[in-house]
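According to mature numbering (1 follows the signal peptide of the UniProt record, and there is no 0), the sequence shown holds residues -23 to -1, 1 to 146 in order.
Worth flagging that the hints you see were computed from the coordinates, not collected in a lab.
Any given hint could turn out to be false.
[Claimed, not checked] In silico BS3-like links for lysine-lysine, alpha-carbon gap of 25 angstroms or less:
(1) Lys91 with Lys48
(2) Lys140 with Lys48
(3) Lys101 with Lys48
(4) Lys48 with Lys10
(5) Lys10 with Lys87
(6) Lys146 with Lys10
(7) Lys101 with Lys140
(8) Lys10 with Lys91
(9) Lys48 with Lys146
(10) Lys10 with Lys115
(11) Lys140 with Lys87
(12) Lys91 with Lys115
(13) Lys66 with Lys10
(14) Lys87 with Lys134
(15) Lys115 with Lys146
(16) Lys101 with Lys134
(17) Lys140 with Lys115
(18) Lys66 with Lys91
(19) Lys10 with Lys140
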Amino acid sequence: MKTITIAILAAGLTLTQTHPATASEEQFLTSLKGQYEGTGQVRLRTNRDPINVSCSFRSNTTSSTLSLNGKCRGLVVVSRTIKADLTSKAGAYRGSYVGAGSGPATLEGKRSGKALNLTIRWAKEVNGDRQARLSVAKSGSRGLTLTTTDMDPATGKAVVTSKIVLQRK
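Sequences and hints are given; from them, build the entire structure.
Here is the structure:
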C-alpha cells in the first residue's frame, strides 16, 4: 500500500513561484482555488489491478502560488497525506515530493495550456526504473484531473498508474 502515493502524487502539490507570474500563469493558478473532492483508480504496480480511491483536497492560491493539500483513501482502511513543493522560474517547474514509499522524489516540468506536465524521479526504483510522468490538468471551470503514467518493465508500454478526477465543491 505504500506505493499508493505514487499514483496520487499531485494530491499534495504546492507551487511557489520566485518571480512575478505572467498574466496567464496568474490566471491559471488562481483559477484552482477551492475545496475539491473526487474519485479515481490507482495501480500499485503496472501489472496489478487498479484500486478505487476517494480523495479530498483544499487548494489555496495567490497570483503566484498554489498550495494543494489533501488525503486519498483506498481499500476502506488505507489513507495517505501527500505533500510536494514546486518552484516556477522562467516557465519551468522544479521541486520535491515527500509521501511515497520510495522516499523523497524530485519533480521537473512545464505548463502547457491548462496542464502541468511533470517528470517524477523517484529515490529508488518503482516499476523497474526511477522515472514516471505526472499531469495535473484543469478540466472545465471546476475540475482537476491528476494522471500518473509509468512504463511497464515487462512490455515497455506506458501504463496509466493513476487517474484521479476532482471537482470543486
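(request) For the pair we were handed, Lys101 and Lys48, check the Cα-Cα distance against 25 angstroms. (result) Holds, at about 23 angstroms.
(message) Run the distance test for Lys48 versus Lys146: straight-line Cα separation, threshold 25 angstroms.
(response) holds, 15 angstroms
(message) For Lys115 and Lys146, compute the direct alpha-carbon distance and say whether it is at most 25 angstroms.
(response) Holds, because 15 angstroms separates the two Cα atoms, which is no more than 25 angstroms.
(request) For the pair supplied as a hint, Lys10 and Lys87, confirm whether the alpha-carbon distance does not exceed 25 angstroms. (result) holds, 20 angstroms
(request) Below or equal to 25 angstroms on CA atoms is what counts here, so check Lys91 against Lys115. (result) holds, 5 angstroms
(request) Mind checking the alpha carbons of Lys10 and Lys91 for me, to see if they're no more than 25 angstroms apart? (result) holds, 14 angstroms
(message) Would the hint linking Lys140 and Lys48 be met if the CA-CA limit is 25 angstroms?
(response) Answer holds: Lys140 to Lys48 is near 15 angstroms, not above 25 angstroms.
(message) For a C-alpha distance cap of 25 angstroms, please report whether Lys48 and Lys10 respect it.
(response) The given pair, whose Cα atoms are some 17 angstroms apart, holds under the 25 angstroms limit.
(message) Please verify whether Lys91 and Lys48 have alpha carbons no more than 25 angstroms apart.
(response) OK: Lys91 and Lys48 at ~23 angstroms, within 25 angstroms.
(request) Measure nothing beyond the straight line between the CA atoms of Lys146 and Lys10; if it is 25 angstroms or shorter, mark the hint as holding. (result) holds, 11 angstroms
(message) For Lys101 and Lys140, compute the direct alpha-carbon distance and say whether it is at most 25 angstroms.
(response) holds, 22 angstroms
(request) Sort out whether Lys87 lies within 25 angstroms of Lys140, counting only the CA atoms. (result) Within the cut-off at roughly 20 angstroms; holds.
The structure meets every hint from the earlier list without exception.
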